[in-house]
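Just so you know, the sequences run in chain order A and B. With our numbering applied, the first sequence covers 1 to 121. With our numbering applied, the second sequence covers 1001 to 1589.
Check the hints yourself; a few may be wrong.
[Unchecked claim] List time: in silico DSBU-like cross-link candidates among lysine-lysine, alpha-carbon distance up to 35 Å:
{"#": "1", "chain 1": "A", "residue 1": "K83", "chain 2": "B", "residue 2": "K1136"}
{"#": "2", "chain 1": "A", "residue 1": "K64", "chain 2": "B", "residue 2": "K1099"}
{"#": "3", "chain 1": "A", "residue 1": "K64", "chain 2": "B", "residue 2": "K1172"}
{"#": "4", "chain 1": "A", "residue 1": "K83", "chain 2": "B", "residue 2": "K1099"}
{"#": "5", "chain 1": "B", "residue 1": "K1136", "chain 2": "A", "residue 2": "K64"}
{"#": "6", "chain 1": "A", "residue 1": "K64", "chain 2": "B", "residue 2": "K1170"}
{"#": "7", "chain 1": "A", "residue 1": "K64", "chain 2": "B", "residue 2": "K1100"}
[To be verified] Part of the chain A face toward chain B, derived, beta carbon under 10 Å:
{"#": "8", "residue": "Y28"}
{"#": "9", "residue": "N42"}
{"#": "10", "residue": "P78"}
{"#": "11", "residue": "P85"}
{"#": "12", "residue": "K90"}
{"#": "13", "residue": "A98"}
{"#": "14", "residue": "R100"}
{"#": "15", "residue": "G104"}
If you are wondering where the hints come from, they were derived from the structure by calculation, not from laboratory data. Glycine included, C-beta positions come from ideal geometry on N, C-alpha and C.
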Amino acid sequence: MKAPPKSARPRKAKPAAVTPSEWDLRLYVAGPTTKSAAALRNLEKLCEEHLPGRYHIEVIDLIKNPQLAQGDQIMAVPTVVRKLPSPIRKIIGNLSDAERVLVGLDLRSREADPSAGRNGG
Amino acid sequence: MTPMKKMKKSPAPKTLAKSATGIRGLDEITGGGLPAGRPTLVCGGAGCGKTLLSMEFLVRGATEFGEPGVFIAFEETTEELTENVASLGIDLQALVASKKLLLDYIFVDRSEFQETGEYDLEGLFIRLGYAIDSIKAKRVVLDTIEVLFGALPNQSIVRAELRRLFRWLKEKGVTVIMTGERGDGTLTRFGLEEYVSDCVISLDHRVVDQVTTRRIRVVKYRGTTHGTNEYPFLIEEDGISIWPITSVQMEHTASIERIPTGIERLDTMLGGMGFYRGSSILLSGTAGTGKTGVATTFADATCRRGERCLYISFEESPSQIIRNTGTIGLDLQQWVKAGRLQIQTVRPFYHGLEMHLARTIKAVSEFDPQVVIIDPISGLDTTGTPLEIKAALMRLLDFLKLKGITVMLTDLTLGSGSALDSTDATIPSLVDTWLMLRDLETNGERNRGLHVLKSRGMGHSNQVREFMVTATGIRLTDVYIGPTGMLTGSARVSQESRERAERVSLNEEGERQQLALECKRAALEAQIAALRAAFSGEEAIITRSFSKDRLREASVALDEAAMGRSRKGDAVKSSGNRARQNGVGGKLS
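My request is simple: use the sequences and hints to build the entire structure.
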């Protein structure tokens, strides 16, 4: 219910990654649709390429947890929310355009400027 | 009231299910509410009350009809929304706490996200569905969903998803209001009307001559008849209210009951009993002729009977009216305290004509008076053209007549002494009784005269009465009508005293003449007595001489007889002589 999505609560902090992930990503989907499957596939691929070992992806199915849609102001699905590093960024769509996803996640500029990239969060 | 009755009759056997809004007047012009289970578009420019109307629809649904509602705000946060409507006495927090209302703020910011590849708005559906299910909502407001058009670059996806959204909402069976900003020459900027085919309501906020009036119009309502006019509406402390005056019907039943005017002799002038109940009375006159005096006297008489009176003043504040009427011996304060008199004052230029009308209707509907006084209707002159004013007044009078309410309108005329002054010729045709107060200016003083110019359905006086405002109320007296014309005021008073003096002198003259006559009579009688005395004297003399004669005659006869006897002459002669003498004597006596 709060206005700008600033809710930085650590939801279900999964110990999946080896190190505390610098990149905390959430993928909101609505059921097992082709669009969501494609989005997850594309996202994982990109992360493996650009952020190996430094990322964590949480998939939230809004059909199972509709109450979670409010927190991140989700309207379109699929949506990727970059919780960390801040600021929050959102990318909607099936992430088929890798270039735009990288720009959307601010990975493109970070890659170009390494000094900013490492200490971002 | 009436339009609703009319509308209920017309639709076919199976009528459209309607979801009552509870907003005063809106249910009337829509014939019962918004189409239940379907979306309605409420469109209009900025600040015309779209959000408020939608919110009131939800709040009334939750509080009056037991239908919980969901408000999805795209433009305001829930906190802002709560604060905004709190000024109208709506406590959203309490409703939210009791799960009758759910507020959700959907924030979409174009700059915040990147679009890549295919997507849909299932997230919105899920959010909405979750909100609806969590409180079992029957009513939903989307304010305003067109934000999506600005936020999402892919318009074709937005349009396709909106179409799906409304289909989905219909399946859910919720009654939906979505709001839309007015576009340039179109109802909404993004053509939302194409998704909503059932009901479109347009709100408007127009400024004419620096006066704004909010208006509402049902642009379309599929499957039902509806009022097609633009109706002014009010946003006040108790929310939105619309006061449609659609009844230009002339079906009112005429009452034969009469109500006194509060001025005794005026009642006499009006066939002895005053106005008809439910009639309309025009009281016209130039400035300072006592219109308000007559009107307040009528108000006082109304309250004194135990009835209620609504007094709408365009010129004076309530306390000023009460103070001023105190000087003519009326205590209106007691009636205000007793709740029988309601004085409403407003400057004519605060609102447009329609709004004045709507406010009047609102006040009448709430206060339910038996008498309404508007002082003066000429105050409305600034609010419209004569034609508009006439139409508005006609609707007002019809509305009041339908309710059996007596209405008194005062009208300030400019008047330059001409008989009918300058009362707009159209107004008198609307009213049943027309009283005119006139200035009668003579000998350097102004006096007031009262005429009954017309009074339908009663024999009324054709005379002018002089009208006086005194410390004990209003009095009517006869004017003086004599060989020198009509006199009023001090001229009348002096004329009356002159007449009185003349009468007195006339009386004295009569007495004198009578006295003279008496004298004459006495003299005459004295004369008669004298004559009679003279006559009887004469008579006595004559009678005495006769008896002397007779004696002498008798003695002569005796002498003759004695002589005859002595001479032994004939006695026959002498007897004949005696008979002749007797005859003469009989004549004399």
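*Provide an ascending list of the numbers of those earlier hints which the structure does not satisfy.*
As far as the earlier hints go, only 11 is violated by this structure.
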